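Residues per chain, in single letters:
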Amino acid sequence: MPRGTKLAAGLVALVLLLAFPVIFTLPYPRDVMIRIFLYAMLATAWNVLAGYCGQISLGHAVFFGTGAYTSTILVKTVGLTPWGGMLAGAVLAVGLSQVIGFPVFRLRGHYFAIATIAVGEIVQTLMINWDWAGGARGLFIPIDRTGSLLAFQFRDKQIYYYIALGLLLLALWVTRRIEGSRTGYYFRAIREDQDAAASLGIPVARYKQRAMGLSAGLTALGGTFYAQYILFIDPESVMPLSLSILICLVAVLGGVGTLWGPLVGAAILVPLGEATRIYLGGTGKAIDLLIYGFLIMVISVIQPGGIMALAQRGRRRTG
Amino acid sequence: MTEPKAPRPALSHKGGDGILLDVRGVTKRFGGLTANKDISFHVAPGELVGIIGPNGAGKSTLFDVLTGFQPPDGGSVLLNGQPITRLRPDEISRLGVGRTFQKLKPFNQMTVVENVMVGAFQKTTHPAEARTHALEALEQVGLADKADAHARVLSTGQRKRLEMARALASRPRLLLLDEVTGGVDQRSIPGLVELVRSLNATGVALVVIEHNMRVIMGISQRVVALHLGEVICDGPPQAVMNDHRVIEAYLGRAYAS
Amino acid sequence: MTAEVLLQGIVSGLLMGLVYALIAAGLSLIFGLMEIVNFAHGEFLMLAMFSTYWAWALWRLDPIVSLPLTAAALFLLGVATYFGLIRWIIGAPMLAQIFATFGLAIFLRSAAQALWGVDFQLVKDPLIQGRISLGGLFIGLPQLAASVGALLAFVFLHWFISRTEMGLALQATAQDRQAASLMGINTQRMFALGWGIGAACVGVAGALLTIFFYVFPDVGSSFALLAYVTVALGGFGNVPGTLVAGVVVGLIETLSGLLIAPALKYVAVFLIYLLVVLWRPQGLFGRF
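Residue numbers (numbering that gives the first Met the number 0), protein chains in the order written: chain A, 0 to 318; chain B, 0 to 256; chain C, 0 to 287.
Just to be clear, a hint being listed does not mean it is correct.
Here are the in silico distance ranges between beta carbons for each label pair [claimed, not checked]: (1) B:His125 - A:Leu6: 42 to 50 Å; (2) A:Asp194 - C:Ala260: 52 to 60 Å; (3) A:Phe231 - B:Asn107: 57 to 65 Å; (4) C:Tyr213 - A:Leu15: 46 to 54 Å; (5) A:Leu169 - B:Thr124: 39 to 47 Å; (6) B:Gly55 - A:Asp194: 17 to 25 Å; (7) A:Arg276 - C:Ala91: 28 to 36 Å; (8) C:Ala91 - B:Gln101: 20 to 28 Å; (9) A:Val98 - B:Asp144: 43 to 51 Å.
Think of the hints as simulated: they come from the structure by calculation, not from any bench. No experiment lies behind these values; they were computed from the predicted model shown. Virtual Cβ for every residue (Gly too), placed ideally from N, Cα, C.
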């Protein structure tokens, strides 16, 4: 597609997205869209580390939870506006990611993946047992009655839609900037062959940490958003292994290492999850995971590049 | 067989006595196996040194030690008088040392020019500039027409050129080539040989590991022969070829001219 | 904290450690063969446990009696997994390999949940029950049987790998696939065999555990994580190493539960794991 057409199509899509909640005023479709944006954003953030830099983290929920817990605790203890808490959460997540990365990046491949699972489990277990931070019972975000913008709570739920969309666009913009820059090339070189990358002058550990930090910070923003949207957090909802898996799955299905892959993946998986929940009732929870599991297996065997890769193959064939 | 062209003086180098690479007594053990034993030799700026030795002589291990992928158990390596012995590979690269690998390592999911840009980014942060330098390097190795092809569709010979271009794009003063003609079809060899010569002509010092005797003897100004991890001969190609220790080490392998 | 309680903890940790070692051995074997981590290993264990449970619930077969059946069933599952899934991702990029078995894990776990619900099941009144007293220490007979069984299976595995022709062929394939096939060893068959044996190990462990452990769809995950840690500690691909590593993990788990807090015992295990791989990425005995 020539560049002008791409730009035009993009603008149309953006306008449609912006107009969506005005056209479809029912809460349910809006909520689905918000969840699509949120998962797409988390998967895009994960993609920076795993897709572009090739470090498969299976414990990314840790950063989501860091964002959620930081802003919530700051609201409850010192009354800091969640916007500030969001920033604090991102900073904390970046710091945490560097601490985690230092030992864990010494490992490669499967060893690295397992270590990230271990880290995720450790942190979740610690949170469950940390009573001051709510422990297993979780934390409620105090309802704000002042209506102030600083409170990051809106009776008009449409605003959450736009914030979520904004976060997604931010993540996409960051990814896009990286893609064409030296950093992006270095990330991909590290993914393809770490040793060759080092032999060309790339300080591999430093760049891995950079990818980790970017990814963690963005993910944490999503965590704060979630906390303010749902108004309740606990280790089970913001830090579980299943969330880490879901984030990966969204990116992998759509196309790991591509800009639009995560969004495509979210656009398919979130409605799919909804559909299985609606049509399969009580056991829906297991069935949609069943389908996810099956999908992951199929993708990894047939087209590890996800839907974006399938689309590329199709496009090439039709010339 | 033409005389090797006199190399142009290399880019600025400090350090006194005209030695670019100084390998001193490098020893490397893996468990009970001594891969490199007290290896010493010099490389002058712009020189082309060939390294020969039967399989298992420790050649690739030596490269790994020189480029920081393996720490030596003994000895030291100096670049322009500065010790680089225990530096990381990326640090050594930034000091002006490039290398290729025996087992080729192309960035498979990137295009040819993107591969080389990774090397070029060592000297610039601007993608456009990196792309220009990358295309220049591709010109040098004769791959410019394949710039936008994916790395994985290249033949072995083309991949070797790609790896050279990638290392060249980082503007090294010293380039270590591990197996130039290994696995390459016969017709492509003269082209590769000419390429190596032309690289040397631009003033880059080269250390080349090679199995193909004709190639090595044709391009090297000096040859270092390794056997079972030790240096058994170091000198001009003809002298090395006639050295009885070298002939013994290669007993059974005829040198066909 | 008396010396007695401490000693009790050590014994308990040692016994469980042997079971962890057996579970990990299967994982290590598979990795040694083809450098693939089976992220569905915990789910294999869970299926073994469910198979044992249902054999008891439906046909009143005691776990000890149905053990050979479970082992055989898991062997078949391993082979089927190889031919159905793993075979296609042998040369694939690492991402694909990780997600293939990961997807299988999610699939199996959800299938179990959909079929049998989330309730905890327990075999009641097994043949082996009660406890014995050894010099003041109480040892549960089921736990003792499980560890003795695990140790026996481990010894048998070691004997098979190092003394039988097939086992040696397996080793050869693990060390150098090309050379092995040049010697006439059918690589595909070795891979399938490796998966079968690896799963069978888990089958034995699962049957033994079901004597005294609750069975539920998620039961595999905590064992799996401990198994990964055990394999990494012992060195991926080093089967004898997992014996030592398994015992170490078992001891850390129990002792940290006693000395620090029960809720934090996994944290201790993972922290030790991270420390070890920081110091020695290839594990205590592994080749890299």
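Verification of the supplied hints:
1. B:His125 - A:Leu6: 42 to 50 Å: 24 Å, violated
2. A:Asp194 - C:Ala260: 52 to 60 Å: 43 Å, violated
3. A:Phe231 - B:Asn107: 57 to 65 Å: Given a distance of about 46 Å, which is not inside 57 to 65 Å, the answer is violated.
4. C:Tyr213 - A:Leu15: 46 to 54 Å: 51 Å, holds
5. A:Leu169 - B:Thr124: 39 to 47 Å: 23 Å, violated
6. B:Gly55 - A:Asp194: 17 to 25 Å: Distance hint for Gly55 of chain B, Asp194 of chain A holds at roughly 21 Å.
7. A:Arg276 - C:Ala91: 28 to 36 Å: 32 Å, holds
8. C:Ala91 - B:Gln101: 20 to 28 Å: 24 Å, holds
9. A:Val98 - B:Asp144: 43 to 51 Å: Between Val98 of chain A and Asp144 of chain B, where Cβ atoms are some 48 Å apart, the hint holds.
Checked against the numbered hints above, the structure breaks hints 1, 2, 3 and 5 and satisfies the rest.
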